[in-house]
Amino acid sequence: MKKLNKEFYIKIKSTNLKEINLISRKIYLFLKISKSIFKGPVNCPKKTTILNVLKSPHKDKDSRDQFGYSIYKKFFFIKKIYKIFFIKMLKSFSISSDIEIKITN
Numbered sequence: 001m002k003k004l005n006k007e008f009y010i011k012i013k014s015t016n017l018k019e020i021n022l023i024s025r026k027i028y029l030f031l032k033i034s035k036s037i038f039k040g041p042v043n044c045p046k047k048t049t050i051l052n053v054l055k056s057p058h059k060d061k062d063s064r065d066q067f068g069y070s071i072y073k074k075f076f077f078i079k080k081i082y083k084i085f086f087i088k089m090l091k092s093f094s095i096s097s098d099i100e101i102k103i104t105n
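Positions 1 to 105 (this note's numbering) are the ones given, in order, by the sequence shown.
Rather than coming from a laboratory, the hints here were simulated on the basis of the structure. Given the structure is predicted, the values throughout are model-derived calculations rather than measurements. Errors might be hidden in some of the hints.
Listed next, the in silico BS3-like pairs over lysine-lysine satisfying Cα-Cα at most 25 Å (straight line) [to be verified]:
| # | residue 1 | residue 2 |
| --- | --- | --- |
| 1 | Lys73 | Lys91 |
| 2 | Lys88 | Lys18 |
| 3 | Lys26 | Lys88 |
Please put together the full structure from these sequences, using the hints given.
Take a look at the structure:
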């Protein structure tokens, strides 16, 4: 049998909160079913970025448009699970291109 990985983190990052909640729920249920030891999902504070753009380049320097977006993050701390088995499970999910998932030791 393959060796158990001791512990690692999963970081989920996206601009869409609904997608993050859906994926974190799927990961949570998988970890519960596989009876692994884990903590999470842990919510991190959202990071909001606001951009100011001039409406006209020549006159009316006071008139500006504001655009903003928020980045949401969640992470899991996992102990005692087969890492290869977990990665295969993640590949089976339908994940949009907007979501970034990192697995670190």
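How the hints compare with the structure:
1. Lys73 / Lys91: 20 Å, holds
2. Lys88 / Lys18: 23 Å, holds
3. Lys26 / Lys88: Given that 25 Å is the threshold and the Cα spacing comes to 14 Å, the pair holds.
Hint compliance for this structure: no hint is broken.
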